[in-house]
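Asker: Residues per chain are reported as follows:
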Amino acid sequence: MRLSAARINKKTAIYLVVLAAALFLFHAAENFEFEQVGNRIGPNAWPLMILALLVVVAGYGVLKSVIERRPGVLAHEQTAEEEAFLRPSEIHPHFVWLGMAATVGYLVAMPIIGFFLSTILFSGILIYVSQYRNIVHIAVLSVLFPVAFLLLFMRIVYVALPIGIEPFARVSLMVMSLIGVR
Amino acid sequence: MEELHYLAGGLVEVFHPHNLLMLTAGLLIGMAVSIMPGLGLVMGVVLALPFTYNMAIEPSVILLTAIYFSGTYGGCFTAILYRIPGEPMDVPLLWDGYAMCKRGEAAKALGWALIAALFAGLVSSTVMVALAVPTSEMALKFSSQDYFAAIFFGLTTVVALAGKSLVDSLISLCVGMLVATVGVDGMYATERFSFGIPLLKDGIDLVVVLVGMYGLGEVFSRLGQDLTLHKDKSAESKATTQFPSLREIVALKTTFARSTIIGTGLGIIPGAGATITSFISYGIEKQYGQHGARLGTGLPEGVVAPQIGSTASVAAHMIPLLTLGIPGSAATAVILAAFLLHGVQPGPLLFTEPGSKLMVYTVFASMFASVIGMCLMGLFWIRVVVKVLMLPQGVLSVIVVLFCLVGAFAHRNNMSDVWLIVLFGILGYLFDKFRFPISPMVLGAVLGPVGENAFMRTMIATGNDWTIFFRQPICGTLMFGAIIALLFPFARNLMRR
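These protein sequence lines are chains S and C, in that order.
Position one of the first sequence corresponds to residue 5 (the working numbering), numbered consecutively onward.
Position one of the second sequence corresponds to residue 117 (the working numbering), numbered consecutively onward.
A couple of the hints might just be wrong.
Within a straight-line C-alpha distance of at most 30 Å, the following computed DSSO-like cross-link-like pairs (lysine-lysine) qualify [said to hold, decoys possible]:
{"no.": "1", "chain 1": "C", "residue 1": "K402", "chain 2": "C", "residue 2": "K280"}
{"no.": "2", "chain 1": "C", "residue 1": "K280", "chain 2": "C", "residue 2": "K549"}
{"no.": "3", "chain 1": "C", "residue 1": "K218", "chain 2": "C", "residue 2": "K402"}
{"no.": "4", "chain 1": "C", "residue 1": "K317", "chain 2": "S", "residue 2": "K68"}
{"no.": "5", "chain 1": "C", "residue 1": "K369", "chain 2": "C", "residue 2": "K218"}
{"no.": "6", "chain 1": "S", "residue 1": "K14", "chain 2": "C", "residue 2": "K280"}
{"no.": "7", "chain 1": "S", "residue 1": "K14", "chain 2": "S", "residue 2": "K68"}
{"no.": "8", "chain 1": "C", "residue 1": "K402", "chain 2": "C", "residue 2": "K369"}
{"no.": "9", "chain 1": "C", "residue 1": "K549", "chain 2": "S", "residue 2": "K14"}
{"no.": "10", "chain 1": "C", "residue 1": "K402", "chain 2": "C", "residue 2": "K257"}
{"no.": "11", "chain 1": "S", "residue 1": "K68", "chain 2": "C", "residue 2": "K280"}
Computed footprint of chain C on chain S; a stretch qualifies when at least three of its residues, placed anywhere within it, have a C-beta under 8 Å from a C-beta of chain C [claimed, not checked]:
{"no.": "12", "segment": "35-41"}
{"no.": "13", "segment": "93-103"}
{"no.": "14", "segment": "132-143"}
Residues on chain S that point at chain C, a partial pick, calculated with CB under 10 Å [what the hints assert, rightly or not]:
{"no.": "15", "residue": "Y19"}
{"no.": "16", "residue": "I45"}
{"no.": "17", "residue": "A49"}
{"no.": "18", "residue": "I54"}
{"no.": "19", "residue": "L58"}
{"no.": "20", "residue": "V61"}
{"no.": "21", "residue": "A62"}
{"no.": "22", "residue": "V108"}
{"no.": "23", "residue": "L111"}
{"no.": "24", "residue": "R159"}
{"no.": "25", "residue": "I160"}
{"no.": "26", "residue": "L165"}
{"no.": "27", "residue": "G184"}
Think of the hints as simulated: they come from the structure by calculation, not from any bench.
Beta carbons are placed, not taken as given, at the ideal position from N, Cα and C, and that holds for glycine.
Excised from the complex, chain S in its bound form:
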């Protein structure tokens, strides 16, 4: 199975990003503020060693991916079937970004509208994004999940999940009292 030229270009770009980040962090580590004790090595010694290695490796990666851009060089002996099982290809990248956006939105909404209401919305969206299309099932599961997690974490593990601000807090408290969480 051969890696495409586009993949190799992407890989070069990634190595370049890693190299730039490593150089930036190297500079930051050189400027850590600490009190030098005799000739002892400072708290930046370990990060500097790691970053030096990272700079060398990323630099080597850039060179290697540029030199080996001709087809076939990065080919490996794994069978297509094995590769498909181990690493299925991505065919819906937009679902991934939607899923990430929904997760970020969930975290923003949770302290405002509370765990119960935000989880209803988030579960519904995530099940839909995960290519499940039975609307009735989605609706039922979206309500069941927050109830189950409230029960599990608030009654068994004793974790205080966010209830949100008024007026949403009232809904959270009502649900909690209905399922016996005090």
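Fit chain C to the known structure of chain S by using the hints.
Answerer: The following block gives chain C in isolation, referenced to the frame of chain S:
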């Protein structure tokens, strides 16, 4: 003899109701997660971690090790019956297992897998008990430079064995070690890489890295893939087990012995996870087995070798974890996190106090019980367990994400941890998308601080003399081993050309 006394005491502890409940739960969870593509035993161990916060150390570790053990076995059912490998380690199983199933020998293939898992689990657990005390006694003599060299050796083997590209593995490892340096340094109380962001000042919790990279990252990756499982409904009725005869087992004695040596031997080396040992066992069987050339056409050797390879590695991984405090795989890194969360540092000192020694032997005894328990479950409950395949992937994704986020919140009741998990989830997705191996990153985050501590102590004690690492017998040997491990991928590539 003293070890047997502690092992018997440990066995009694295992049969305490709470411990037994955790063992059973762990076995069931391990089976379920290894059957479902997209989950896997590491994610199972990660997701169970938050539930151990309020438990004692023994049931916590019993739960996690039971998930780990049965996670190497449960996947054989879907690989053999449906040609669906729940985990990458199950891929070699389906080549011969599914071929046997198509010939109408599914029950026999499952029987071989069961016998292989039972044999591998019991033998490797015995080896683990036999090696634990000598290894811990040797580890007690370790100086800080020896300890650093052992960690350095562990990190290099992780890199060498983790992926196809040494460059990608090294980058992954460096990222993990850098993540572990974020926050206030313990020796000088200096802020490192926090850039004035309050979220980063306290450092990045290991649980956040594990849950984000393995849990959320995997879900994000799965969202973009074709989630339809094409399974043969008629195969469900074949979910029975038929044991091979004693004569058939004896005929495969070389395969049993060879694969057990490979699984246990490689498992002790950090980095060789169950997937690697499974593939190597199958590869060696193909190369040196009596019927190697016919492997892939539905031979029992093709089921026995990878099953033994993966199951035997579990107990072997526990040796460096419990005796040196060095996790050899992603799952043992999570188990180490569970120890640390309970204020217990695994290492040779665990074997010096009677109380902690009994705790270690309870874990050992639970592993014997896990092996027998998972085989009994495989024999009697498998028809029920394979029903988890009916669960739509979308529903599973929500369950995993909620467990990741709420579980992380439960750790410190802190929304900052949850935000960090999402960040690491996105990083985990990008690692997967661009084919960077995740295990070096995670093990770098786990071993980095321990390595830094040993390195700093050595440098202070020797006046910055780094040649000490090469001048003394133990650390010199380990550093030599590390160099060999780093050169191994280059040698492998040269040999292939």
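Asker: None of the hints should be skipped; say for each whether it holds.
Answerer: Here is how each hint holds up against the structure:
1. K402(C) / K280(C): 21 Å, holds
2. K280(C) / K549(C): 15 Å, holds
3. K218(C) / K402(C): 21 Å, holds
4. K317(C) / K68(S): 37 Å, violated
5. K369(C) / K218(C): 26 Å, holds
6. K14(S) / K280(C): 17 Å, holds
7. K14(S) / K68(S): 13 Å, holds
8. K402(C) / K369(C): This hinted pair holds, its Cα atoms lying about 15 Å apart.
9. K549(C) / K14(S): 11 Å, holds
10. K402(C) / K257(C): 42 Å, violated
11. K68(S) / K280(C): With Cα atoms ~14 Å apart, K68(S) and K280(C) stay inside 30 Å; holds.
12. 35-41: That given contact holds, which follows from 4 residues of the segment 35-41 of chain S lying within Cβ reach (below 8 Å) of chain C.
13. 93-103: holds (count 9)
14. 132-143: holds (count 5)
15. Y19: 8 Å, holds
16. I45: 5 Å, holds
17. A49: 8 Å, holds
18. I54: The hint holds - I54(S) has a Cβ within 10 Å of chain C, the shortest such distance being about 5 Å.
19. L58: Cβ of L58(S) sits 4 Å from chain C, so the hint holds.
20. V61: 5 Å, holds
21. A62: 6 Å, holds
22. V108: This hint holds: V108(S) lies near chain C, its Cβ roughly 6 Å from the closest one there, short of 10 Å.
23. L111: At 6 Å from the nearest chain C Cβ, L111(S) passes the 10 Å test, so the hint holds.
24. R159: 13 Å, violated
25. I160: Holds. Min distance 9 Å.
26. L165: OK, holds: L165(S) within 10 Å of chain C, min 7 Å.
27. G184: Because about 19 Å separates G184(S) from the closest Cβ in chain C, which is outside the 10 Å limit, the hint is violated.
Hints 4, 10, 24 and 27, counting from the list given before, are not met by this structure.
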